[in-house]
Amino acid sequence: MSETNYLTTDYTLKSWFLTTDHKRVAILYFASLIFFFFIGGAAATAIRIELATPQADFVSSDTYNRLFTMHGIIMVWFFLIPSIPNTLGNFVVPLMIGARDLAFPRLNLMSWYIFMLGGCITLFAIFAGGIDTGWTFYTPFSTLYSNSYVIVAAAGVFIAGFSSILTGLNFIVTIHRLRAPGLTWYRLPLFLWSLYATSVILVLATPVLAITLLLMATERFFGVGIFDPRIGGDPLLFQHLFWFYSHPAVYIMILPGMGVINELVSCFSRKPVFGYKFVAWASLAIAAVGFLVWGHHMFVSGQSLIASLVFSFMSFMVAVPSAIKVFNWTATLHKGSLRFDAPMLYALGFIGLFTTGGLTGLFLACLAFDVHATDTYFVVAHFHYIMVGGMVTAYFGGLHYWWPKITGRLYSEYWARTAAVLIFFGFNLTFFPQFILGAEGMPRRYHVYPPEFQVWNVLSSGGAVILAVAYLMPLFYLGYSAFFGARSPANPWNAPGLEWQTSSPPPEENFTTQPVVTREPYQYNEAFEAEPQNA
Amino acid sequence: MPEPPAFASQYVSIPHRDHTAELGMWVFIATEALLFGGLILAYFVYRHLFPHAFAEGSRHTDILIGTINTAVLLTSSFLVAWAVEIFSPATTRIVAWLLVGASCLGLAFIALKGIEYSREYDEHLVPGIDFQFGGSLANGVQLFFIFYFVATAIHAVHMLIGIGLLLTLATISRSSPTTRHHTALHSAALYWHFVDVVWIFLFALIYLPGRASS
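Top line first, the protein sequences correspond to chains D and C.
Under the numbering used here, think of the first position of the first sequence as -1, with each following residue one higher.
Under the numbering used here, think of the first position of the second sequence as -15, with each following residue one higher.
Keep in mind that a hint or two might mislead.
So, partial list: chain D residues that the calculated Cβ filter (under 10 Å) puts toward chain C [as the list claims (entries may be wrong)]:
# : residue
1 : S13
2 : L16
3 : P92
4 : R98
5 : P179
6 : T182
7 : L200
8 : R228
9 : E507
Simulated from the structure, these hints should not be mistaken for lab results.
All C-beta atoms in this analysis are idealised placements derived from N, C-alpha and C, irrespective of residue type, glycine included.
Let the sequences and hints guide you as you build the complete structure.
Following this line, the structure appears as structure tokens:
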């Protein structure tokens, strides 16, 4: 471990802030995302504290509106969307394809600066007085009535969008052009297939959000009537354009998580992923169909019945490729020699939580039920199961899986497993009661509610406390591991992926010699286990 | 062509590097297409809702300047394409002049656009500032002019970025014309052509409705 690696080549601040090394840029993103995650989480905690009692005794209604808006904006645009692609993806994409860096390293660093600029502008909007429109910026409230920092917050999101676009562009070009000799598309790790599908969505959907926010800001600034029905504008058009981005954005959040789960499930059951090609194409199918379902956010908005029927049907269609993935993970687990290391616990948690979120998504795709459940806690529970139960759990799983590669250190298995179990337990206690609340009719975005809802709300708030503690735990044991953990061998999990063929942490240029791929992906078999591992 | 001794380590060869850069530009253009696509979609929705008002608004645009600008942009695209075709160490001087010529045409476009804007301001056609338009079509005409100003302003911003790119390349490709600069020039040219293509669409959408009738 005496030779230099990407962490030890240089220690100056300049070497970090002007780095073009994809691994260091990943660390920059990682640090910023922890920051945003805990800001968004603090808002969530405040929301749950307020909802522990039926009265408004913690914050005013106006503050409450600003809290859930802040929670939504920060979590969606400054944590969930960049989380796996920009940290884990940035770190492992070149390693997994045997490249020395991304195709455009300077563009990669620029994406981080753009992301931070957008983040700072949004934070300014939040701390200067906040914004109360909800993360969706629905017009005409956002353009006519809202007395808050709408344009500033929208500008922050607009700018962060460029960062997304540039990252997606970089990944697409990298995966197309920089694969090692022998690494054909069907030998590509499934994590990269899912990141590729994610990048396609980032590149095609984000510009539409940009133009939508620009039109909204124009309307608010000049007082013209693009979305104002009094002078001929159409607020529904805003929703169409907004959800044309924001529904695919859900897949931006969940697809990378699914990709991570492929790596974990395969590694910890020592088996190749069942139905590799189906899982690979399912990612692209989800990305493609995901573009055709935005109207299911508008079933009660007044769009035509035909439109609602078509969008309902297409929404059911997304379940097909999603189910392919879930069934193939369970088939991979079947008769595998399972090892319940921390990443595997997260992966198993993900499968359960994502399946629950996905199945309740089918409820909501059903027109008749959706009319009943619109804007209730049922919807809140559903998308938290996907985004938090799914995406954040997968993020933690991937983080634990690649942690030895990123830092060259091992973490405490005991604490990691405890945190994984606590997250699963805390998450379910927080969000399962919300399905019941929603089915009973408690609307979202209200900070007072009839007393009969209190039991479920107290359970949910109690779960949130457990969840908050569980999310804080990795901060300590991973933070400890980063500086004092035991040294990790190059390949602690005995995994066959290219990223494990170089030292941990990798040298600055990833590989000393250009790797050549001769094996099919996920070759967990006796021959592989018998090979000597370079420690 | 003289080459710098090394290229970044993630590429295996110079053509590999150049093709990678070019693919990046195409993906970027895809995002730009979606940006203008959203705008044009919104335009079509309102044109469908207010067909007469959009025709009426269109008749208040300055078709002479619009047409001249279309010709100006197409000519500049021709100059840029020419520069890409003949790029070599022997032709740096001509390439630089072609790019400067294209940039001047771009600036002429912006200048004409400015004249057009000021006329519309005088005629009180700028929504949100002092829009005055009588009659039953007023709301629809205002919507038309919102799209006119937003679309042409975004297009003009793209033009300014393009002019900066062309002038930069005119400078650096003269100093050391490597294949790297040829790739950069090619990518900038793709961008410039894309911005011109967008204008063709905007021209048809903004200036032409309602002109054939009445």
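Against chain C, is E507 (chain D) within 10 Å by beta-carbon distance?
At 6 Å from the nearest chain C Cβ, E507 (chain D) passes the 10 Å test, so the hint holds.
Restraint satisfaction for T182 (chain D) [CB to CB of chain C, less than 10 Å]:
At about 17 Å, which exceeds the 10 Å cut-off, the nearest Cβ of chain C leaves the hint on T182 (chain D) violated.
Hint S13 (chain D) vs chain C: min CB-CB distance below 10 Å?
17 Å, violated
Given L16 (chain D) as an interface hint, is the shortest Cβ-Cβ distance to chain C below 10 Å?
16 Å, violated
Per the CB criterion, is P92 (chain D) less than 10 Å away from chain C?
7 Å, holds
Was the hint right that R228 (chain D) lines chain C, CB cutoff 10 Å?
Holds - the Cβ of R228 (chain D) comes within 10 Å of chain C, reaching about 9 Å at its closest.
At a threshold of 10 Å, is the proposed contact between R98 (chain D) and chain C supported by beta-carbon distances?
4 Å, holds
Are P179 (chain D) and chain C close enough, Cβ to Cβ, to be under 10 Å, as the hint says?
Holds, because the Cβ-Cβ distance from P179 (chain D) to chain C comes to roughly 9 Å (cut-off 10 Å).
Minimum Cβ distance from L200 (chain D) to chain C below 10 Å?
Result: holds, 9 Å to nearest chain C Cβ.
Taken one by one, the earlier hints fail for this structure at numbers 1, 2 and 6, listed in ascending order.
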